[in-house]
Every structure is written in C-alpha cells, then in structure tokens.
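Asker: Take a look at the letters that make up each chain.
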Amino acid sequence: DAGITQSPRHKVTETGTPVTLRCHQTENHRYMYWYRQDPGHGLRLIHYSYGVKDTDKGEVSDGYSVSRSKTEDFLLTLESATSSQTSVYFCAISDPLVANTGELFFGEGSRLTVL
Amino acid sequence: AQTVTQSQPEMSVQEAETVTLSCTYDTSENNYYLFWYKQPPSRQMILVIRQEAYKQQNATENRFSVNFQKAAKSFSLKISDSQLGDTAMYFCAFEAAGNKLTFGGGTRVLVKP
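As you go down the protein sequences, you meet chains A and B in turn.
Going from the first sequence to the working numbering is simple: count from 1 and add 9.
Going from the second sequence to the working numbering is simple: count from 1 and add 1452.
In isolation and in its complexed conformation, chain B is listed as follows (with noise of 0.2 Å):
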C-alpha cells in the first residue's frame, strides 16, 4: 500500500515571499502520478499542480512549481511571490494504477500581509 507522509503541520509566509512545503511518498510502482490539491476555506479540493512520473523534467503552473526527486521519493511544493488568496490547506496526492488517490495529512499554509 501506498503512503504520503507531509511532515509540517503548518506554516506561515508573508506576502510576496517563497514557501516551500514537503511531501514524501513510499511506493514500489514505477509509473505513478503525484498531485498538489489546495483546500481554501470553501472547502473545495483545487488542482494546483500534477506530475508524471515518467517525466524528469520539475512541473510548473504559474507561481506554483515542484521539486520531484524520483529516488529520494519526493515531491515539494514551492509557492513563489505568495498571495492571501494562497491561505489554504494543501494536500500532496498519490496516484498508481486504478486512479485511487492516497492523500497526505495536509500543510496548512498562511499567508501574512
């Protein structure tokens, strides 16, 4: 079985600065997805960011981008020039075959004015 492990609770960033939260996974599949979902206040699950497995090449989208260590089993989360509207809690997601998620426990992030 699967598991996603992300080690910080919270963490708080003043606006316009960088934050980089963490993700750890343990998987014996070789192919796999790996997803940063946002939950602001509304309590919808947002798709910020994917990553294929397969693909070496760190995935961007806008402000968010990953880190993807593939042997290390890592998938980090930066968010660059942060905004209020980027106050959520962000869970890192896990995907092999059967399209079934296996979700972290969420980073809970703040952003500061």
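Chain A on its own, in the form it takes in the complex (with noise of 0.2 Å):
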C-alpha cells in the first residue's frame, strides 16, 4: 500500500471556524491532490499540486486553499468552513517518473461535519 497518512480522519467543527486537514506521503511522489467525495458526484477535484509550492485549482476549489512547502505535506484549508463543505475528503498522489501508468493512489479519507 503507497505510504499516505490522512488527519484528522474525522472532525466535526461548526460553521464559520477554520479548519485545515493534512495529507503526509512517505513514497516521495511529486504530484499530490485533493478530492471531495459526495452523494452522486463521486470524487471531484479541489486542488492539485506538481511540486513544493506548485499548487493550481481544481474544479471545485472556491473556499478551499492548499499549501505544499515540502515534498511530502500537503495541506487543504477551509478558511471558513460551511455546510456545504461537509464531505468526505481524500488526499491521493501520482508520479509519472515513477510510474507512467496514470494510476492515483488514495489516502483512506477524511470525513468532514461542518454543524
């Protein structure tokens, strides 16, 4: 299993409170991402980043920021969580150089309860 170590695994905070999950990586994969899972969307994409400090907006990234300042942390902020931020959130990561299959590898998620 790649090495990818989620927290919290699960938080439950109140509206308008900041609230930062973490994804930490022990493969060395340069290409790291966050997804939200919901009912009927399966996972979409919220951030993603390509290197330290090389981070871009997925297609759902409005209330969201990220930050990744080494290989193997990065770092998703809710700078002011609301309901519709409850999700389960996964951290996965990629490295073409390493294997150039296109294949992601998940973290076990991190299930968020905005009150």
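Treat the hints with caution; some may be incorrect.
[Claimed, not checked] Chain B side only, calculated, beta carbon under 10 Å to chain A, not exhaustive:
| # | residue |
| --- | --- |
| 1 | F1487 |
| 2 | F1516 |
| 3 | A1523 |
| 4 | A1524 |
| 5 | F1555 |
| 6 | G1558 |
[Said to hold, decoys possible] Estimated spans, in silico, between C-beta atoms of each pair:
| # | chain 1 | residue 1 | chain 2 | residue 2 | range |
| --- | --- | --- | --- | --- | --- |
| 7 | A | T24 | B | Q1454 | 32 to 38 Å |
| 8 | A | H33 | B | S1459 | 34 to 40 Å |
| 9 | B | E1504 | A | D47 | 27 to 33 Å |
| 10 | A | G60 | B | I1498 | 25 to 31 Å |
| 11 | A | G60 | B | Q1454 | 21 to 27 Å |
| 12 | B | Q1535 | A | T91 | 36 to 42 Å |
| 13 | B | E1469 | A | S89 | 47 to 53 Å |
| 14 | A | R120 | B | E1513 | 35 to 41 Å |
Keep in mind that the hints were calculated from the coordinates and are not lab data.
Think of the CB as a built atom: it goes at the ideal place given N, C-alpha and C, for glycine as much as any other residue.
Mind assembling these two chains? They're in different frames, but the hints should get you there.
Answerer: As structure tokens, this is what we get:
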C-alpha cells in the first residue's frame, strides 16, 4: 500500500471555523491532489500540486486553499467552513517518473462534518 | 473539459453471476487512460483495472474485464463470477494529460448470496 496518511480522519466543526486537513506521504511522489466525495458526484478535484510551492485549482476550489512547503505534505484549508463543505476528503498521489501508468494512489479519506 | 457518466446508480447481482457496469466519457483528447476504482465500505479507493486508449485490446484482471469502445467513448466493466467481497461502489475515471482524474458519479454494486 502507498504510504499516505490523512489527518484527522474524522472531524466535526461549526460553521465559520477554520479547518485544516493534512496529507502526508512517504513515497516521495511529486504530484499530490485533494478530492472531495459527495453522493452522486463521485470524486471531484479541489486542488492539486505538481511540486513544492507549485499548486493549482481544480474544478471545485472555491472556499479552499492549499499549501505545499515540503514534498511529503499537502495541506487543505477551509478558511471559514460552511455546511456545503461537509464531505469526505481524499488525498491522492502520483508520479509519472515512478510509474507512468496514470494511476493515482489514495489515502483513506477524512470525513468532515460542518454543523 | 472531460466528463464521465455512469448511468446506473445501483445494481444487484447474485453470487457467482456476471454484472456489467456502464461508463461513457466525453473528451477531445486522443491519448488518455481509463480506470475503474472500487470503494468498499472501508472507504479505501482500490484500482480494479486500467486501459490505455492507444491499446485496442481490452484489459483483463482475473474476474474483471473491460469493453473499451474508443469511437463510442464507452468503457464498461464486467465482473464475472461475482463474490460477496465485490460489494462496493465502483467509479469509472478518465485521465488525459496532467495526471488529473475525472470521476463518474459511481455505481453501487450489491452481491447477494
């Protein structure tokens, strides 16, 4: 299994509070991603990173920011959480130089509930 | 932008029988990958099978096989000899340049004993 750790795995918070989810990998993969999973929508890309300090927006980036100061860590921040951000969040990694198969490896997910 | 459509929200199958999940996609790219991921109740995303668009031969992994129709932009998954452990959500996914996956909405498969 790919060494990907997400924290926290479960979090309940209130509307308006800041939340940070952390993704830590031990595979030294260059690419990292944050997806959210909602019923009927599958997984949708929030932000991604192709390297340290190199990040870009995905299809559902509004209300989210990310940072990547080290290869192994990719942080997802909700500056002011809203109920619409209640979801399961997945981190994923890949590196075409390691395995040019297009495959992404996923963490175990973080369930966030915003009350 | 690419889109991926899974038209079957839920399917059930008897143990040992065969079930086929449909997936269609829309893209203007010529080179890409297609995937089926499985998500059991544990929530872990597990790669089931992968297909490169430039390969005409359909991919097969044990009891899992695909029917890839590039012109029709169709990528169905067949699960043969279904087992109780196959009960899960199945997601079809598309990837062109940039290593970013676009997912369909998922199909829930229930294998009945």
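Asker: With chain A as the partner, please determine if A1524(B) meets the hint condition of a C-beta pair closer than 10 Å.
Answerer: violated (21 Å)
Asker: Using Cβ atoms only, decide whether F1487(B) comes closer than 10 Å to chain A, and label the hint accordingly.
Answerer: holds (7 Å)
Asker: That 25 to 31 Å hint for G60(A) and I1498(B) (C-beta), does it hold up?
Answerer: About 27 Å separates the Cβ atoms of G60(A) and I1498(B), which means 25 to 31 Å holds.
Asker: Given the hint of 35 to 41 Å, is the C-beta distance from R120(A) to E1513(B) inside that range or not?
Answerer: For E1513(B) against R120(A), whose Cβ atoms are near 30 Å apart, the range 35 to 41 Å is violated.
Asker: Using 10 Å as the Cβ threshold, decide whether G1558(B) counts as touching chain A.
Answerer: Holds, because the Cβ-Cβ distance from G1558(B) to chain A comes to roughly 5 Å (cut-off 10 Å).
Asker: With respect to the beta-carbon atoms only, verify the hint that T24(A) and Q1454(B) lie 32 to 38 Å apart.
Answerer: holds (33 Å)
Asker: Cβ-Cβ distance between E1469(B) and S89(A): within 47 to 53 Å?
Answerer: holds (50 Å)
Asker: Does the Cβ-Cβ separation between E1504(B) and D47(A) fall within 27 to 33 Å?
Answerer: Holds, at about 29 Å.
Asker: Is 21 to 27 Å right for how far apart the beta carbons of G60(A) and Q1454(B) are?
Answerer: holds (23 Å)
Asker: Per the CB criterion, is F1555(B) less than 10 Å away from chain A?
Answerer: Holds, because the Cβ-Cβ distance from F1555(B) to chain A comes to roughly 4 Å (cut-off 10 Å).
Asker: For the hint 36 to 42 Å, verify it against the beta carbon of Q1535(B) and that of T91(A).
Answerer: holds (41 Å)
Asker: So, F1516(B) near chain A? Judge it on the closest CB pair being under 10 Å.
Answerer: With Cβ-Cβ at 15 Å, over 10 Å, it is violated.
Comparing the model with each numbered hint stated earlier shows that hints 2, 3, 4 and 14 do not hold.
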